[in-house]
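Enquirer: Given chain A, work out where chains B and C should sit, using these hints.
Protein chains in written order, with this note's numbering: chain A, 1 to 232; chain B, 1 to 232; chain C, 1 to 236.
Keep in mind the hints are simulated off the structure, nothing from the lab. Every residue gets a Cβ at the ideal spot worked out from N, C-alpha and C, and that includes glycine. Any given hint could turn out to be false.
Unchecked claim - Pair by pair, the computed Cβ-Cβ distance ranges are: (1) C/N213 / B/R52: 37 to 45 Å; (2) C/R63 / A/S203: 25 to 33 Å; (3) C/N213 / B/E108: 30 to 38 Å; (4) A/L129 / C/D92: 20 to 28 Å; (5) C/T172 / A/E229: 23 to 31 Å; (6) A/V69 / C/T62: 47 to 55 Å; (7) B/E23 / C/E236: 17 to 25 Å; (8) C/A217 / A/P3: 46 to 54 Å.
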Amino acid sequence: MEPQPNALKVLNVLCAVLFLAALGMVFIYAPLEETMDYVQKIFYFHISTGWVGMLGFLAAAITGILYLVTHDQKWDILEFAAVEISLIFFSVTILAGSIWARPVWNTWWTWDPRLTTAAILEMIYIAYLLLRQGIEDPGRKARFGAVYTLVGSLSVPMTFLSIRLFRTIHPAVIGTASASSQGGFNMTPPMVVTMVFCLVTFSVIFITLFWHRIRLGRLAQAVEERQLEAQS
Amino acid sequence: MIEVRQLVKRFGSKAVLRGLNFEVREGEFVALLGPNGAGKTTFLRILASLARPTLGEVRIAGYRLPLQAAAVRRNLGFVSHQPLLYGDLSAEENLRFYGRMYDLDGLEQRIDAVLNTVGLAGRRRDLVRTYSRGMQQRLAIGRAILHDPSVLFFDEPHTGLDQEACDMLDQVLREVTGRGRTVVITSHDLARVEGLAARFDVLSHGVIAASAPKSDLGGGNLLDFYRRALAG
Amino acid sequence: MAEVRPFDQPRPVISFLKAIGAITWKDLTAELRSRELLSAMLVFALLVILVFNFALELDVETRRTVTSGVLWVTFAFAGTIGLNRSLAIEKDHDCLDGLLLAPVDRSAIYFGKALSNLAFMLIVEAIVLPVYSLLYDTNLFNLGLIGTILLGSIGYIAVGTLLASMSVQARTRDILLPILLFPVVIPDLVAAVKASSGFLQGSLASLITPWINLLVAYDIIFIAVAFMVFDFVVEE
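The following block holds chain A by itself, in its conformation from the complex (with noise of 0.2 Å):
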């Protein structure tokens, strides 16, 4: 495996620092919300790791694209990485919303548009990985995953908007009157700053881990070829 490049090592230290800061700004600047207390906290961690998982299907969605019209190996591995990732980050949001809606809700799920699409885009994922798995020849393998990441990332859009057509308590989050009926509440201004922070804190994470399982996907490869190399 060639050595992290120093860019990365300078990421992996900034990840850890960003991460601490981002949790001081959570749990000290950031002041309490009236109605939820704490548990609005967690709030800045579900949205933030969402947003990020967004980032890393719509990433899966446009590698896979320009795999089938490139053929070009490097695709596939970060078409796989982006998958891997997003799938973490969307486990964590999936998690942080549950967690949420306990307390706030009285109730561990709600099938509300965004949780429920998320949930899908979760199995998606697994699906798409029980693909890979089930195929033996390199190419395919890597055709068929990025003709699922195609199908799939048509589909949950259209997944979404049907399930918002049918129904929605997700509370609306920033700057609405009647939101902390809904559950939702208004955001102060340290508040938003705290929100954007912990944006910038995760997207790095993300970027940082993405970095990392590629090189991994390239180790793999690598060693792939010189299994086969000595096998003949």
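Expert: Chains B and C alone, transformed into the frame defined by chain A:
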């Protein structure tokens, strides 16, 4: 008729064909020999446009594969060790199906002629799953010549056939290939192809290790020629 | 032998349509003989309905609201069985190679298979509807419902044929298709269920229209995507 230059085929990182060069003139009957796993089937599938080359150039009648594959398919026939027939359809229904896929004129006459050539006219209405393997292979040849192609590929057609079925198959092969058609047949049964082909090429380690016409096998018989090619 | 055509494709559009017709005809003929696929789908569908009868103790009122959901779950599950079988036939004995050898665009294979898969699904649905009507004393002969079932099935089969072509090439063939298909076909199912419900309960047209629009959009988008990427799924 067939020109192959520097053909490379990789599955993932495993290179099966490594810069293969191959040429067949119109009307030649070439037997492609080689041990199991040498890549004969892979090579033949690429020639038949069923697989794509990783690198290199393949031309049939001047048309480039895979770019102009559609043009080429009209004029090539392929018989693999699987008959590519539908068991729940009768012999003539199978032929009718393929005739429609090729958009052929005078389909019924063609079907009659082909069934006569392969000696299955008497059982044309029987379902293919009631056929013996030998009969299925003969019908498979019928399928391959239905559109009267000028190039024919046979991939180990004698696989799984008993002596009598093999002899019948050879009869059909001789009749079918004796009309100025360009033929490439792969086999690891030297005795079989010795009586059929006019030229012998040996595929070993991903390239053509040796090539010689029947009249000039370098002293000794086919078996010696084959062994020398593999050793060299 | 009849005259050999020159190498170039003389009439692409007709060849294309002819190939689609040939594949659909081949599938229907073979199925009429063996009836394996249809009987498997039917038995499964009827079993699902039976299970629902015991699982959801329904009075007449509740039944009306739940019917469309029960129907679509039934169709979705029976559908995967049909899709699996239909594509497995091509994969076994390498028959797909025979199709790929034909001098016709790959998407013809997609459309041919999709049409026959759709035919099978519609046949099963056509049998399930009257059976359900009889068992639960509900009148399901509703034009809107039938139209919705058609639209919903088209979307389901459009995506299903593509995904089944992939899953059938994997080791984990049988269990993979539902895992791949269901998360992705949800907009189609949700819209179909809501529209069916609307028609059965005689809701206002303005309430049903958005769902029908969604169905049509889904159908168009995925038919387009599927036939464009089908090449990547079957070629080596």
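Enquirer: Against this structure, judge whether each hint is valid.
Expert: Against the structure, the hints come out as follows:
no., hint, result
1, C/N213 / B/R52: 37 to 45 Å, "holds, 41 Å"
2, C/R63 / A/S203: 25 to 33 Å, "violated, 50 Å"
3, C/N213 / B/E108: 30 to 38 Å, "violated, 48 Å"
4, A/L129 / C/D92: 20 to 28 Å, "holds, 26 Å"
5, C/T172 / A/E229: 23 to 31 Å, "holds, 29 Å"
6, A/V69 / C/T62: 47 to 55 Å, "holds, 51 Å"
7, B/E23 / C/E236: 17 to 25 Å, "holds, 24 Å"
8, C/A217 / A/P3: 46 to 54 Å, "holds, 50 Å"
Checked against the numbered hints above, the structure breaks hints 2 and 3 and satisfies the rest.
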